[in-house]
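If you want the building blocks of each chain, they are given just below.
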Amino acid sequence: MFGWELPPFNSGGLGTASLGLTQGLASLGTDIRFVVPKLFGPLPYNHMDVVSAADISTPEEVEKFLKMTSTQQELATRTLAYGNVLSTSLTKTVGIDERRQLILDGEQTLSPNLQANWYAHQAMQIASTGEYDVIHTHDWFTYYSGMAARKVARSRGMNAPFIAQVHATEIDRCGSNGDPAILEIEQKGLAAADHVIAVSHYTKEVVHKNYNVPRSKISVVYNGVPTQKEPKHFDLHELKKRHKIVLFMGRITYQKGPDYFVKLAKAVTDVDPSVRFVMVGTGDMEKRCIEESARLGLTGKMLFSTFLRGADVDHAYQLADLFVMPSVSEPFGIVALEAIQNGTPALVSKQSGVAEVSEHLIKTDFWDLNGMRNAVLTVLHNQDHAEKLKKGAMNDLSHLSWTHAAKSLHNVYASLMPAEMAVPIFN
Amino acid sequence: MPSICFYFQVHQPYRMRPYRVFDIGTDETYFDDKLNREVCRKVADKCYLPTNKTMLELIKKHPGAFKISYAISGITLEQFAEYTPEVLDSFKALAATGQVEFVAETYYHSLSALFNGDEFRSQVKKHVDSIKHYFGVTPTTFRNTELIYSNGIADMVEDMGFKTMLTEGPDHVLDWRSPNFVYEPWNGRGMKLLLKNFKLSDDIAFRFSQKSWKEWPLTTEKFAKWVHSINGSGDTVNLFMDYETFGEHQWADTGIFDFLRHLPEAIWQNSEFDFALPSEVATKYPPIGKVDIPDAISWADLERDTSAWLGNPLQDSTIEWVYRLGTAVLETEDEHLIHQWRKLQTSDHFYYMCMKHWEDGDVHKYFSCYDSPHEAYVIMNNVLTDLEIKLEDTPKKKVHEAPKKVPVSSKK
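From first to last, the protein sequence lines are chains A and B. Counting from 1 along the first sequence, just add 388 to a position and that's the residue number in this note's numbering. Counting from 1 along the second sequence, just add 32 to a position and that's the residue number in this note's numbering.
No wet-lab data here; the hints were simulated from the structure. It is possible that part of the hints are untrue.
Taking lysine-lysine pairs in the DSS-like style, the calculated list, with each CA pair at most 25 Å apart, reads [as the list claims (entries may be wrong)]:
(1) A:Lys-629 with B:Lys-428
(2) A:Lys-632 with B:Lys-422
(3) B:Lys-375 with B:Lys-397
(4) A:Lys-689 with B:Lys-428
(5) B:Lys-257 with B:Lys-93
(6) A:Lys-675 with B:Lys-397
Have a look at the derived ranges for each label pair, beta carbon to beta carbon [said to hold, decoys possible]:
(7) B:Thr-58 with A:Ser-789: 47 to 57 Å
(8) B:Thr-426 with A:Asn-762: 52 to 62 Å
(9) B:Gln-242 with A:Phe-397: 29 to 39 Å
(10) A:Asp-567 with B:Gln-242: 51 to 61 Å
Sample of chain B residues lacking proximity to chain A, with all beta carbon distances greater than 12 Å (derived) [claimed, not checked]:
(11) Gly-57
(12) Phe-147
(13) Lys-164
(14) Ser-303
(15) Pro-319
(16) Ser-349
(17) Phe-399
(18) Pro-405
(19) Tyr-409
(20) Pro-427
Just so you know, even glycine gets a beta-carbon here, dropped at the ideal spot from N, CA and C.
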């Protein structure tokens with residue numbers, strides 16, 4: 389598998405999903421080699437073999453690569469990916485701090501093409517060792533890696549299909565203002581993939597409509613609930629004893645609709661000034677949201693917190709009487725399930741995948757301010773209704789384990805593999 | 033015979049710690065004790081101790097001749113007492129010479145004059161009491177936080193019995209008039225007004241070490257020459273500045289201490305000139321006119337108005353909240369709670385929330401302990417939310433009593 393990040397070094401849901409999915413697969417006896425661009429420290433789990441792509445080649449190789457123009461880099465990667473000759477030097481495995489730093493610095497400033505090409509370059513080397521039956525990649529950053537690895541596999545006489553899993557597209561993240569380079573990578577990657585996995589029917593349609601991928605090539609595999617153990621229970625927060633609390637948690641970016649949350653806070657507190665809103669996260673719209681909130685007179689009614697980790701996340705969910713995910717376009721929306729797990733009912737936008745998996749989530753259009761306000765007030769003021777939603781959604785969750793997701797994945801794998809393969813080994 | 037009138041602002045706020053949403057209702061530590069101690073220690077070593085030493089030497093060397101005045105905010109005195117008692121002792125030693133005047137202000141260095149007259153008067157009284165307590169003198173001169181001034185504020189100050197008040201002398205108010213005379217407030221009944229000569233003050237406070245300035249390096253001879261040039265067209269040169277100019281804003285290696293050490297003798301090269309305390313200047317020279325300042329001015333930023341602390345929605349909505357809590361806070365008669373609330377009124381908290389992005393933005397950033405104005409706002413909001421919860425939990429002592437006026441005004 390080629391991924392982007394893993395907890396605890398994650399910036400969002402992709403890391404969480406990657407971990408859950410691999411844990412589910414491992415529980416079914418699947419061997420996984422999981423590649424990340426870079427490992428930032430030891431990981432607190434060992435259900436799979438994690439490879440840091442940044443640590444497999446020499447500093448000279450990296451330097452050489454980084455010095456090329458982007459066209460040269462693309463050519464180099466293409467030659468590696470589509471040509472027949474494999475450089476022997478590529479199979480060398482060296483871990484060097486210097487090289488790590490180069491990539492680390494690069495991640496901030498390099499163009500999407502360069503990043504994807506670099507990753508594909510590393511993928512060549514990784515794919516040239518070991519046995520594997522499936523190449524499974526996660527989101528745009530990894531698609532070229534999937535293409536490159538499949539080429540290497542073929543040159544080694546292995547028939548491993550390349551599966552691209554879509555957790556989010558540039559369309560979701562940025563609407564019509566996406567980065568053309570990323571859009572192009574997605575376009576090419578999804579076209580080249582043997583099969584595409586979408587995390588919801590919502591995403592399946594996004595992929596079909598925006599990237600011209602035939603529906604027959606796309607399977608839906610829902611995410612599971614984030615952890616399989618009970619969240620730690622926190623004492624009732626002083627604030628919750630006094631106020632009804634509505635929570636936003638996620639990156640404060642266009643995709644997540646934080647500006648709609650601020651507008652919602654204004655609409656709700658205009659009717660019931662005792663309600664408090666809490667916005668958790670960071671992102672490029674954070675300052676704008678804070679200013680807008682103050683401008684709308686929400687000082688004292690809207691509190692802010694930076695990105696939280698670990699137990700604090702559960703604490704925040706438990707602080708709330710209602711979780712709101714007003715995403716403009718949300719392929720899945722794992723946060724809504726995390727809220728449910730913590731006993732907090734959730735309102736999600738209809739533009740989300742998670743809306744498909746439970747009847748007991750409140751659903752409105754992200755832009756429907758009146759509808760959202762009325763739904764929020766109904767839940768906050770009707771304890772029975774809230775309780776029903778909570779119990780119902782909790783029940784729905786039991787069908788959404790990562791093991792379940794992994795079983796669906798196995799079916800997809802099986803459909804793509806030669807029939808005689810009995811016990812697959814996955815990569 | 034014109035006078036040089038030195039006045040220094042000595043101020044350190046209680047900076048807040050990164051108070052989180054989860055701290056609300058569980059943790060009442062709003063202020064960063066460790067950080068405040070560190071800053072106090074650092075500024076004591078770089079500025080307060082060496083500058084006080086220099087001042088004391090100058091005063092002893094020139095008995096009856098070298099004079100200076102200070103406004104030390106109450107919360108700064110508190111922090112000296114707790115973190116660096118030797119600084120407090122060195123100010124006491126200066127007080128004992130009789131050549132130093134202590135100027136009154138609000139204890140909490142707050143903007144209360146703009147929001148709540150009763151609260152303003154309570155804080156001034158508290159500051160006067162603490163000056164009496166530490167230095168054994170009762171101030172007769174007043175300066176409001178950051179020299180914030182308006183006709184209305186002057187009215188309140190004169191009502192409290194002060195004889196002299198200090199403020200900025202900005203061009204947009206003075207127009208063709210010179211700050212180098214004694215003035216009176218628009219509705220004054222005898223209180224005198226001393227206006228800052230911002231050009232000469234800022235030459236020392238801001239431009240002293242600025243190498244791009246055409247007058248750099250600033251020597252005592254050059255500066256004295258500028259001062260002497262007002263002879264015949266002015267009575268006083270009011271040099272008002274942050275005390276931290278010496279050693280903290282202008283580091284020791286810029287030569288600021290040598291400048292200070294040799295300035296008096298350079299000034300006395302012209303025997304017409306002397307040094308005088310604000311209260312002396314106010315009695316020595318007749319007022320030449322009244323100044324009308326309906327809208328508040330201050331010594332901050334290029335605008336010399338209140339836009340360093342007020343005007344954007346972050347600042348306005350937060351300070352409105354702070355003062356809205358006032359009645360409920362005072363009704364608890366819980367001294368600790370009242371003190372906490374008043375420490376949140378300190379102007380610096382609102383200064384950190386300023387979003388002006390021109391030249392002054394850099395100055396704001398220099399003085400801020402936060403990454404952004406937004407962070408300052410978020411933390412303050414969490415703290416105020418906690419304070420609200422505390423208020424609900426603290427029984428109100430005054431609820432069934434007849435409303436009692438805070439005894440502050442000394443109207444005659």
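Results for each hint:
A C-alpha spacing of about 20 Å is found between A:Lys-629 and B:Lys-428, which places the hinted pair at or below 25 Å, so the restraint holds. This hinted pair checks out: A:Lys-632 and B:Lys-422 have alpha carbons roughly 18 Å apart, not beyond 25 Å. For a cut-off of 25 Å, the pair hint linking B:Lys-375 to B:Lys-397 stands: about 21 Å separates their Cα positions. Taken as a hint, the A:Lys-689 and B:Lys-428 pair is honoured in the structure, with Cα atoms around 24 Å apart against an allowance of 25 Å.
Taken as a hint, the B:Lys-257 and B:Lys-93 pair is honoured in the structure, with Cα atoms around 23 Å apart against an allowance of 25 Å. Taking the CA atoms of A:Lys-675 and B:Lys-397, the gap is near 16 Å; set against the 25 Å cutoff, the hint holds. Roughly 35 Å separates the CB atoms of B:Thr-58 and A:Ser-789, a value that falls outside the hinted 47 to 57 Å. The hint said 52 to 62 Å for the Cβ distance between B:Thr-426 and A:Asn-762, and at roughly 37 Å that hint is violated.
Evaluation of the 29 to 39 Å hint for B:Gln-242 and A:Phe-397 yields a failure: the beta carbon distance comes to about 45 Å. Distance hint for A:Asp-567 and B:Gln-242: a CB-CB separation of about 43 Å, inconsistent with the stated range 51 to 61 Å. Against the 12 Å criterion, B:Gly-57 falls within the reach of chain A, whose nearest CB is about 2 Å from its own CB. Its beta-carbon lying about 16 Å from the closest one in chain A, B:Phe-147 satisfies the requirement of being farther than 12 Å from that chain.
In this structure B:Lys-164 is separated from chain A by more than 12 Å, as the shortest Cβ-Cβ distance comes to about 38 Å. The claim that B:Ser-303 lies off the interface holds: its Cβ sits roughly 58 Å from the closest Cβ of chain A, which is beyond the 12 Å cut-off. Distance check for B:Pro-319 against chain A: the nearest CB is about 43 Å away, which clears 12 Å, and the non-interface claim stands. Chain A draws B:Ser-349 into its interface by the beta-carbon criterion, the shortest separation being 4 Å against a cut-off of 12 Å.
Listed as outside the interface, B:Phe-399 is consistent with that label: its C-beta sits roughly 20 Å from the nearest C-beta of chain A, beyond the 12 Å cut-off. For B:Pro-405, the non-interface assignment is contradicted: its Cβ lies about 9 Å from the closest Cβ of chain A, within the 12 Å cut-off. Once the 12 Å rule is applied to beta carbons, B:Tyr-409 is inconsistent with being away from chain A; the minimum gap is 6 Å. Against chain A, the non-interface label of B:Pro-427 holds: every CB pair exceeds 12 Å, the least being about 17 Å.
Hint check: violations occur at hints 7, 8, 9, 10, 11, 16, 18 and 19; the rest are consistent with the structure.
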